[in-house]
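Can you make the complete structure from the sequences, with help from the hints?
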Amino acid sequence: MPRQTTNSPYWQGVRDGAPFILVIVPFSLLFGVVGTEAGLHIAETMAFSVLVIAGAAQFAALQLLTDNAPTLIALVSALAVNLRMAMYSASLTPWLGGAPLWQRAVAAYFTVDQSYACAVVKFEDRPDWSVPERMAYFFGVVTPICPLWYVFTLVGALVGSAMPSGLPLDFALPITFLAMIGPMLRTPAHVVAALTSVTLALVLAGLPWNLGLLLAGIAGMVTGAQAEVLIERHQTREHT
Amino acid sequence: MIDGPALWLFIAALGLGTFGLRFVFLGLIGNRPLPAWLLRHLRYTAVAVLPGLVAPLVVWPAATGGTLDAPRMAAALVTLGIGYWLHNVILAIAAGALTLFAGLALIG
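Sequence lines, in order, name chains G and B. For the working numbering, count along the first sequence from 1 and bump the result up by 11. For the working numbering, count along the second sequence from 1 and bump the result up by 73.
Among these hints, one or two may not hold up.
To be verified - Some, not all, of what chain B presents toward chain G, calculated at C-beta under 10 Å:
#1 Trp81
#2 Leu94
#3 Val132
#4 Pro134
#5 Tyr157
#6 His160
The set of hints was computed from the structure by calculation and includes no laboratory data. Ideal placement from N, C-alpha and C gives every residue a C-beta, glycine not left out.
Laid out in structure tokens, this is it:
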């Protein structure tokens with residue numbers, strides 16, 4: 012068991028996850044409201060937030076269903092929005108792969124943009140951490156985020172359209188993601204990967220099923236990896 | 074819109090499918106070593122996916138019907154800049170939100 016001092020990996024995770032409360036609360040609230048307005052029962056809205064636990068895909072699915080899109084198309088589109096989760100899963104494997112299967116299954120369920128983003132940054136920062144320490148950190152990040160996702164979906168579903176509509180909530184998501192991206196741009200290779208991703212995501216935005224993001228993601232990863240190789244080669248040449 | 078059992082089936086399928094995407098590598102590969110070239114690509118996953126996810130939301134905000142909007146663009150740049158230079162997510166979010174509110178108050 013990790014020591015439960017305030018500086019243990021778990022509590023570091025709680026602290027790093029806490030700022031995202033600012034985003035999770037309005038977003039889950041909004042999902043609850045939208046669900047109720049779309050005619051969903053409270054149990055159905057809650058099932059979305061508990062079983063799917065992925066904001067963007069939940070909104071996409073609900074939007075498509077209320078537009079009366081064919082069910083299979085709605086399902087495939089919402090899953091496509093979540094394809095990035097498979098990339099996160101692969102990216103976490105070198106760090107968390109040594110944990111017991113049940114822990115990996117629970118961590119997989121709680122793999123959301125915020126927990127993933129915090130975890131990779133921290134794990135690269137602390138290569139000395141053991142697998143249990145990394146798991147403790149991961150669950151620490153999840154602690155202030157995911158329970159509130161459920162709670163405020165419920166609040167939103169209950170209060171329904173009584174919410175003030177003047178708040179620019181639409182921009183809460185971009186702002187939190189941008190705040191997470193800033194510290195990730197640690198090397199020129201990371202910057203190049205991000206620029207590639209942005210460019211392609213904008214150029215390919217017209218593709219169906221969110222395929223543009225998937226292609227932009229793959230291209231960004233390849234560019235980052237290639238840039239890393241080039242930079243390393245350049246540095247070894249300078250040192251010899 | 075679908076309802077009743079059809080809706081429940083839809084939610085369950087979406088939940089299962091999403092879990093499958095999250096579990097596929099972490100659960101099935103586990104502790105088996107991955108090749109170096111793959112690890113090198115995986116290091117850039119976050120920085121290759123998140124910017125692409127955000128870029129269209131910043132350039133074509135849904136709230137303005139998809140037209141470029143000065144307060145939102147300013148808020149995005151301030152957030153990214155503070156996050157980049159100060160490495161502090163809370164400060165970056167706060168600065169971005171303040172910029173957005175100030176921008177909307179000035180213009181809107």
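Outcome of the hint check:
no.	hint	verdict
1	Trp81	holds (7 Å)
2	Leu94	holds (4 Å)
3	Val132	holds (6 Å)
4	Pro134	holds (6 Å)
5	Tyr157	holds (4 Å)
6	His160	holds (4 Å)
Going through the hint list in order, the structure satisfies each hint without exception.
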